[in-house]
Amino acid sequence: MPLIQVDLRRELFDSSHDQISRALQTAGEEALGTPTDDLFQVFRPRDEGELKFDPTYNGVDRRDMVLIQVLAVHMHPVSAKQAFFRKVVEHLGEVGVRPADIHIALAENGFEDWYAGRA
Amino acid sequence: MPLIQVDLRRELFDSSHDQISRALQTAGEEALGTPTDDLFQVFRPRDEGELKFDPTYNGVDRRDMVLIQVLAVHMHPVSAKQAFFRKVVEHLGEVGVRPADIHIALAENGFEDWYAGRA
Amino acid sequence: MPLIQVDLRRELFDSSHDQISRALQTAGEEALGTPTDDLFQVFRPRDEGELKFDPTYNGVDRRDMVLIQVLAVHMHPVSAKQAFFRKVVEHLGEVGVRPADIHIALAENGFEDWYAGRA
Chain A
1 MPLIQVDLRR ELFDSSHDQI SRALQTAGEE ALGTPTDDLF QVFRPRDEGE
51 LKFDPTYNGV DRRDMVLIQV LAVHMHPVSA KQAFFRKVVE HLGEVGVRPA
101 DIHIALAENG FEDWYAGRA
Chain B
1 MPLIQVDLRR ELFDSSHDQI SRALQTAGEE ALGTPTDDLF QVFRPRDEGE
51 LKFDPTYNGV DRRDMVLIQV LAVHMHPVSA KQAFFRKVVE HLGEVGVRPA
101 DIHIALAENG FEDWYAGRA
Chain C
1 MPLIQVDLRR ELFDSSHDQI SRALQTAGEE ALGTPTDDLF QVFRPRDEGE
51 LKFDPTYNGV DRRDMVLIQV LAVHMHPVSA KQAFFRKVVE HLGEVGVRPA
101 DIHIALAENG FEDWYAGRA
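Residue numbers (our numbering), protein chains in the order written: chain A, 1 to 119; chain B, 1 to 119; chain C, 1 to 119.
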């Protein structure tokens with residue numbers, strides 16, 4: 001039951017939220033084995049001044065920030081996390097999001113830390 | 001000092017935010033022993049397309065998503081977390097929120113990870 | 001790569017978001033050794049009823065809530081976290097934010113849990 005939270009420019013949300021949603025879900029399916037219907041995402045469109053970032057940190061040409069937070073059960077090896085990041089970059093690229101503009105932060109909890117519609 | 005974050009449809013926020021707030025706080029009091037005045041909540045009303053979920057994942061008839069994130073100190077046994085989920089479902093039910101529409105994700109940190117108005 | 005998320009009253013965001021951004025980044029530089037250009041922040045302006053808190057919990061005179069969430073790699077000793085809280089209070093004070101109105105929650109993950117513009 002990974003939970004995905006996305007803060008992004010409102011214009012990008014308006015033009016592409018369904019495609020971004022599918023790109024992220026596909027990346028989870030391919031790299032983490034997330035079932036297709038295990039879909040829990042919240043998109044938070046951001047207005048001027050709400051996203052703050054440095055344009056060159058980590059040696060890239062950053063022009064925007066698509067902030068993706070993933071909360072997932074602690075069970076994925078580092079290699080699967082790295083594959084997930086690659087897949088997110090690949091599939092968001094197909095939607096026109098530049099790799100340099102993607103920022104992902106993953107956090108973990110336990111199986112016992114979720115309620116998904118029934119006990 | 002649990003922090004509660006709720007992303008929910010704007011219409012539900014407008015009609016019921018105070019009742020939902022009380023329901024969540026009551027659940028924490030009853031299941032986790034949270035003091036009544038230990039209240040820190042943020043509600044984030046969401047518009048069309050911002051909440052994405054599958055209508056049947058986990059074998060339920062899901063028609064909406066009330067996304068509740070709890071950040072709490074790592075100290076509660078699994079049984080208390082399960083009791084908390086049950087109490088949330090019970091008290092949100094009294095406000096008219098369907099159990100299938102509730103999604104809860106709990107994450108944990110340490111006592112030393114909080115600042116609450118004074119050092 | 002600490003990620004900083006701030007939920008705050010819209011009026012305070014409008015008047016002071018750049019100053020608050022700098023205050024938080026400066027606190028990270030001084031207490032956690034965060035590089036100046038390691039800047040990833042999201043501000044989420046909140047409207048009436050969206051921030052819920054008790055005015056006196058923890059023995060303070062709380063009139064507002066500036067909610068600051070920090071996600072950082074697990075590597076800072078408790079003393080550095082405490083220094084960070086003090087520095088946030090100091091620098092936000094210079095912007096006119098009262099210590100009693102500040103609420104900080106820190107959560108941690110691993111080095112392998114980040115993607116920042118490139119693999």
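Fair warning: there could be bad hints in the mix.
Sample of chain C residues at the chain B side, in silico, Cβ under 8 Å [said to hold, decoys possible]:
| hint | residue |
| --- | --- |
| 1 | Tyr57 |
| 2 | Leu106 |
| 3 | Asn109 |
| 4 | Gly110 |
Here are the simulated BS3-like cross-link-like pairs (lysine-lysine), alpha carbons at most 25 Å apart as the crow flies [unchecked claim]:
| hint | chain 1 | residue 1 | chain 2 | residue 2 |
| --- | --- | --- | --- | --- |
| 5 | A | Lys87 | B | Lys52 |
| 6 | A | Lys52 | C | Lys87 |
| 7 | B | Lys87 | C | Lys87 |
It is worth saying that the hints were derived from the structure and are not from the lab. Ideal placement from N, C-alpha and C gives every residue a C-beta, glycine not left out.
Now for the hints, and whether the structure bears them out:
1. Tyr57: With a minimum Cβ separation of about 4 Å from chain B (threshold 8 Å), the hint on C/Tyr57 holds.
2. Leu106: Given a least distance of 4 Å, the restraint on C/Leu106 holds.
3. Asn109: C/Asn109 check fails; min Cβ-Cβ to chain B is 10 Å, beyond 8 Å.
4. Gly110: violated (14 Å)
5. A/Lys87 to B/Lys52: holds (20 Å)
6. A/Lys52 to C/Lys87: holds (20 Å)
7. B/Lys87 to C/Lys87: violated (38 Å)
Hints 3, 4, 7, counting from the list given before, are not met by this structure.
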